[in-house]
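Undergrad: Could you slot chain B with the ligand onto chain A? The hints should help.
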Amino acid sequence: MKPSLFDYCSPTSVGEVVAALVADPGAMILAGGQSLVPAMNLRLASPTRLIDLKNVADLADIQVDNGVIKIGAMVRHRDLELNDEVYAANPLIRKMMRFVAHVPIRNCGTVVGSLCHADAAAEMPLLLVLTGGTVTAVGPDGSRDIAAKDFFQFHMTTSRAPDEMIVRANIPVLADGAGYAFHEFARRQGDYAIAAAGATVSLDGDNRVTRARVGACGVASTPVLLEAVEQAITGAQLSQSTIADAAEKAKDAVTAPDDMHASTGYRKHLLAGLVRRVLGEAGQRAAGGAIK
Amino acid sequence: MSTRMFGAPVKRNADSKFLKGEGAFVDDIPLPGVKHAAFVRSPFARAHIKSIDTSAAAAHPGVLAVYTCDNIGPLDIEMPLLIPHESMTDARTQRPLARNDVYYVGQTVAMVVAVDRYVAEDAALLIEVDYEPLDVELDLEAAVRDGAPLVHATHPNNVAADFNQICGDPSAGYAEAEHVTRIQIQVDRSTSAAMECRAVAARFDPITGELIVWDTTQAPISVRGGLASILQLDEDKVRVVAPDVGGGFGQKVLLFYPDELLVPYAAMQLGSPVKYIEDRRENFIGSSQERTQIHMIQLHAKKNGEVVALKDFFLHDTGAFIPYGIAVAQVASTSIAGPYRIPNIEVRFQAVYTPTVPVTPYRGCGRPQSCFAIERAMDQLAEDLGLDRFEVRRRNLITENQFPYVREGLLFADGLRVSLDSGQYHKALDMVHDSIGADDFPAQQEAARAEGKYLGLGLAYYVEGTGLGPYEGGHIKIHPITGKVYVNTGLSGQGQGHETVFAQIVADQLGVAVEDVILTEGDTGAYDWGVATFASRAAVVSGNAIYKTARIVRGQTITAAANMLEADPEQIELRDGAAWIIGGNRNVPLAAVATATNPLRYAFNDAAQAATQFAPASRHDGPPLDEGQHPGLEATDYYSPECATWAYGVHGAIVEVDPDTCSVKIRKYVCIHDCGNMINPVIVDGQVMGGLAQGFGGALMERIEYDADGNPTNANFVDFLIPYATEIPDVDIQHLETPSPLNPLGVKGVGEAGCIAVGATVASGVADALSSLGGHKFHHTPITPSMIFDAINPS
Ligand SMILES: Cc1cc2nc3c(=O)[nH]c(=O)nc-3n(C[C@H](O)[C@H](O)[C@H](O)COP(=O)(O)OP(=O)(O)OC[C@H]3O[C@@H](n4cnc5c(N)ncnc54)[C@H](O)[C@@H]3O)c2cc1C
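Protein chains in written order, with the working numbering: chain A, 8 to 299; chain B, 656 to 1450.
Just chain A, same shape as in the assembly (with noise of 0.2 Å):
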């Protein structure tokens, strides 16, 4: 389990670092090395050249501004996960970092580096997607926001060019008044989940439902939002019953086949059940008590 042979850089600003990029099509980032270097020793990666962002400024920085979370490259999950103006913000996102691997793992891993890792069970690409975020690219042409929607490709594939660096997520603010919630199985705590759903679920004074946001991870080659799901909720007056017909919906979801952990029966099972969680616990924060 060593490494074959590579370079090491550690470029000082994002503009070098994209030169690198350019220069050399094998060469790949490295944020806080969590998948990269274990992948390495694996030699399922064999980067020609590491490009250390530990170097670059001001990718640290967390910034809420109109509306936005800025989350720089090399912010890492548990500065993000602990920062309380972030919380107030938006307080799915600390609810979610709880999932992410453990502690030693979070104060290494960077956020945006596991976005772009985008592997399909992770929380980080299904917050995105759950909150329609963004991801700032910057490369030789300059720079662009990608959706979350276009950004997660397939499982451990973005849409990022090759000669492209993420330079930060954008992440919105939670809408106000809105509940949310966020459940995951995975067999051992830490672990990528089995599956994990997530929604935000906003309520007029009827508890109908105006605006719901349900995604899930783990079941597909990406994250999905769970369409299916949203159109039978909104406009529903949310019930125990709306709920549970509403959570069958997110089976059809699943494509992921069966492997070693999990059926894709289990795991539609699986999904309908944490959906139902989800959506009931979102409801309630929203409604400020429990949903008969």
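By construction, these hints were calculated from the structure, which means they are not laboratory data. Cβ coordinates follow ideal geometry from the N, Cα and C atoms, glycine included. Hints are not guaranteed to be accurate.
Computed footprint of chain B on chain A, listed as stretches where at least three residues anywhere in the stretch have a Cβ under 8 Å from a Cβ of chain B [stated by the list, open to error]:
(1) 9-16
(2) 190-197
(3) 266-276
TA: Just chain B with the ligand, lined up with the frame of chain A:
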């Protein structure tokens, strides 16, 4: 009198060095100029090797040597069959480097030695092996059918061994029975996953001709013997050291792994130290594993639940080779009747070759499987007869006045008959019944179900033959300068706490502090008689050997001290590091006694000065050392058990199954356990808890997965799920102490105990929890969420 150390909860005296990172494991041994080995391993489960081209690797900068079967001289052999047995013919063992054929993914084909491990791995990738893949069958039941692809052409139906044992008169039992319960159970393959993978380093000194090998082995003396014979060296010129070792669990008792021969050989060939540090993936695909068995068990019973006969047939997966013989299957077969009287037993197994990593004992060694078979069958019998699960067991348990309880006809893994020596089986069952709250449970279960919660009570009993022979030795010497006591034994530790428990035994006999007893084990340079660490035997076999030795040294010390103090031996007591006149102040420190018993010419230290204050240590005429007398306070003795001593225990659990996530939560877990007299309850608890943790892994998570082509698909810690601390429930461990009548200390082994009954207990609980949701029996571990889903949502 000082307080007795035997039985005291003494803190483990090696912990601080480990906690501070000061342990010295094989990879920590400083070896200037050391070269590193890496292997080319088979990517096919079964294939012919058409050709191997090593030229590019040999030419790679930094490479010192590339080995294949063609240039390893005396090592191009089939490695030893360690435990021959009549049930096997032409037992197949592995070659250090494959010749012509490979038999599992991971089998070693070539070895590269280079300046560092990076270069060695780069070069290994340059070796081109041309394989012709062959058909394989991974399914154990399919592998024994006619026409299944063969692992070894020599073995039709892939049967490596076929063995039938009979106790009593099974036919009479079958005839007498009024009911038969039949079930089929399966336990899947796992691996011990020690924190430290295996490692070997070697250095050959051309001047002294000495070969030193540092090895993570549990059997350094045996490794030395084998190495000396295969490399044709004088045994005294080979020293094998097992330094600190991060866990063994049986995987490290197999000899030889290819690297254990090839690394010393390369060190001799290259004139430079060489080491090989196994990585985690290699551990998964190259170091032995255990567990898969499929049992078809029948309990023939009377209507009152009394089992009059047991019939079991099982398939045992032995992997591609069978170097350890039938040990695992034999332990399983002879433990099959558990703690029950069952007078008539017919148990047969077939050990089956599969194109997978070879199988040798892993903590539990066949017992988790046989416990799972008998205990799940007992639950089924209770259900069939409408009896309570505790009651059906109560009616079959061996009673206290029936010990020793001999199962004539069953030969245990030591080749000796099964004779359960002592126990309080009924009391243990009552304890678990009360502690788990069995009387109140049905009402709780009912109330929970009304709230949509599924609680179940799990129960399983086990026995464990421990402390197998043939023998171990103890060597003790009181140091003349420091008065500290040096102890050796031949087996080796992998973190169990030998240095603490053996010190406790000695401390009591010699009246010294536990910290002043220093154990050196696992180094053939220090002591070289003995066998190995396996079968929960260290405390029983080495413990009693050390105890007997300590008694001798105690006698020597008292005699010498009585002479020095001009008193009768009966007037002497040993305490606080000195020999005292009982009831008085006069004493002589042990260092002075040890010095005085070693006739000196030069009084170079305080102990020697002190010794001169006293009368001579020996009252004889003539030369300083009498005929037959040896200098110092020192002795060696041995303990050789007449047969295994049987520990036992019973587990109870309250589990909750969440029907949404199909997951299992252990709400409460009670372990009643009896290993005879406990030398140190802290260490016993640690051993039991560690075993329980491995048991929970096996019950709910751990399974080595192979695809249909024989590729391991979870050979890593991402997908092979070892429970984290977060997945291990609190366990209420309670002890009984029924002394073994078989040995002076009255002890039984404890190393493997914890893991044995967990699978059966958890399955029993899950089945009970879901009895109202389809009634699936859970006769297969690990119990995965998908399995639970299938059980409650039959398609
Ligand atoms: C034991 C363990 C358990 C884990 N469990 C979980 C879990 O439960 N959930 C979960 O989500 N994750 C889990 N992880 C993964 C961990 O969260 C990710 O490793 C981490 O978040 C990725 O970030 P990093 O900074 O370490 O990225 P790195 O490993 O440094 O990089 C990951 C990938 O992203 C690329 N990259 C990084 N930054 C950029 C950038 N700015 N622009 C372009 N490309 C970039 C790299 O080139 C590389 O391909 C686990 C990891 C371990 C070791």
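Undergrad: Now look at each hint and say whether the structure bears it out.
TA: For each hint, the structure was consulted:
Counting residues of the region 9-16 of chain A whose CB lies closer than 8 Å to any CB of chain B gives 4, which reaches the minimum of 3, so the coverage claim holds. Only when three residues or more bring their CB closer than 8 Å to a CB of chain B does the claim for the region 190-197 of chain A stand; here the count is 5, and the claim holds. Residues of the region 266-276 of chain A lying with their CB closer than 8 Å to a CB of chain B number 7, which satisfies the three-residue condition for coverage.
Violated hints are absent here; each numbered hint is respected by the structure.
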